[in-house]
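Listed below, chain by chain, are the residues.
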Amino acid sequence: MKILTQVLITAIMATVMAFTATAVATGAVEPSPSKRITICLLPKKKGLPYFTTCSKGAQQAADELGDVELIYDGPTDGSPEKAASMVDRWALRGVDVIAVSPNDPEVLGQAMKKAREKGIRVITWDADAAPATREFMVNQATAREIGHALVDAMAKDLGSDQPEGKVAIITATLTAANQNEWIKYMKERLEKYPKLTLIATKPSNEDQRLAFQIAQDLMKAHPDLKGIFGISSVAFPGAAEAVKQAGNSGKVLVTGLATPNDMKAYVKDGTVKSVVLWNTVDLGYLTVHAAHALATGTLKPGQTSFTAGRLGERKIEGDQILLGQILVFTKDNIDQFDF
Amino acid sequence: MKLLSLARRWETVLAAVLAIVLGTAAWLDPAFMALSTQLELSTHAVELLIVALPMTFVILSGGIDLSVGSSLALAAVIFGLSYEAGAPVWAASVLGVLTGSLCGIVNGAFIAGARVHPLIVTLATLAAYRGLAEGISLGRPISGFPDRFLAIGEGSVGGVPYSLLIAVAAVLAFALTSTRTVFGRRVYAIGSNEIAARYAGVPIARMKLWLYGIAGTVAGLAGIIHVARRNTAKADVLPQVELDVITAVVLGGTSIFGGRGSVVGTVLGVLVIHEVREFVGWRWQRDELILVVVGSILIVSVLAHNLVARRAR
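Going line by line, the protein sequences match chains A and B.
Residues in the first sequence are numbered from 1 upward in steps of one, following this note's numbering.
Residues in the second sequence are numbered from 1 upward in steps of one, following this note's numbering.
Bound conformation, chain A alone (with noise of 0.2 Å):
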């Protein structure tokens, strides 16, 4: 009698795992018998509109180039050691390409340089990491081109060609790579609004909540602070929404980074007037076209340029390979985007 419970409970257990298995089996990535590429593309954050997007197009061009196999996963918690994880079981895999845009340059840097160990190619998109870690960056943007363009986006905001006021900025965390150089940047273009003055730049620690605190507690010290700058998805919206429940919406003018349908509300009722963003799902896009070019030997080590399915040719500086198209959103363009 005994016995017969012991057998039971192993029966359901196996029985559970292997329900488990066939429930998740349908949408298994089947291991593909011909010469198909398989094309990893990893997030800093699974489930943030921005990868969420950016995965969109990077599905479109494994749909038109046919012969890829596209994965796409990544930490949904943003845990570098996750995601370190996941580098080195493709790696075990034996994939052909790995795309990382690394939420820890040095963490999945480590992870990286042993799946090249291995043999496989490895490219960052979105953030860089090392260049030894890989061959090229897909870089959405330079970085000096989104620091000016969000200046110059406050500054037309403000409404004259001297825009004075206090200004401050919110970035993801201070170690963050692409922030830390775009903020670089945007002190560079400052210098061409003397009367703008920056007095803080605080972490949000990507915690939209932080963000929300850190901008009011921005106002409380500075009532006549003119403008905030959220550089990340997550700074922006919380930035924008402490501004619009102080009821100073149009008093302090927020701009920043974020998709579109983040800000869209903020936009319309004028808390926001520019958001500053290029085109995320092109972004993947280009990403897997280039991961395909690197596999298939089209794209090599000082190449100019590369042609990218509907994007046509694009430009490379030496391993940077340029999506190089800032999109401003107003209220008059904002409706045309969905991402």
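To be clear, the hints were calculated from the coordinates, so they are not data collected in a lab.
Since we're looking at a predicted model, the values are computed, not measured.
Mixed in with the good hints there might be a few duds.
[As the list claims (entries may be wrong)] Chain A residues, not near chain B, derived (Cβ > 10 Å throughout):
(1) L65
(2) S79
(3) A143
(4) D157
(5) G165
(6) K195
(7) G247
(8) K268
(9) K315
[Unchecked claim] Sample of chain B residues at the chain A side, in silico, Cβ under 8 Å:
(10) E11
(11) A31
(12) S42
(13) P141
Ideal Cβ placement from N, Cα and C applies to all residues, glycine included.
Place chain B on chain A using the hints.
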């Protein structure tokens, strides 16, 4: 009859679960079960495994330590900062491990000396140690360690990673201590009935100081191994690893009320969680799925455990 008593043991059930997991994996994707793959993936579980060993002791004694992940992070940061400040890498490593020990001893002093409940003490130090790590490093990642140090995390001898060898040695040490030494018997005695143990002459306070001290020390060691594996010392390494560790220990059959459980069970618990995670990640490439599957296995296992325990009574 012997078979029956064997089947009643939780470890046997867990071993069966592990066998089913590995069997399923081998059937669906033989490449995953290749020895070289398994050896390389094993490094992903080393920190979890070695921290789970002293955690087993702590839980066996009727306590809990929620601060191990934070001690680990603080040790990593102290190691990184002292290396950066010019200390030789071995000295920095020792300093890192000692940082872990100190974290554990502070916990132990409050628990044994001031008699505050371990849940409260370690809940406080969970925040305090991680906060301290953030504070002194300003959240800045530290990297650029020498290759001979990184070898601890990445190097291997005959395909067997060094970090796995460290883990195996730790498993043996803890398994033998728990079954073959006075120390081990006392841990069980305290967890079964602390008052009875005191009357039997077990030095309760000193034992607790040791237990939490060891937990901190091993967490410190895990911190150093983690840095060696990922070449980065940062205050937010392995977030919430304490929950994974406690999950593995409880899945391993150790009673959360103390007194019952084994090191072998913990090792099996870690292996089940590790293999499921890796295989789901390997096969289906969906991070969100890993949590769902690990969660379901936990629930089913705990239900099964209750059934087995009721039968055994």
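Which of the listed hints are not met by the structure?
2, 10 and 12
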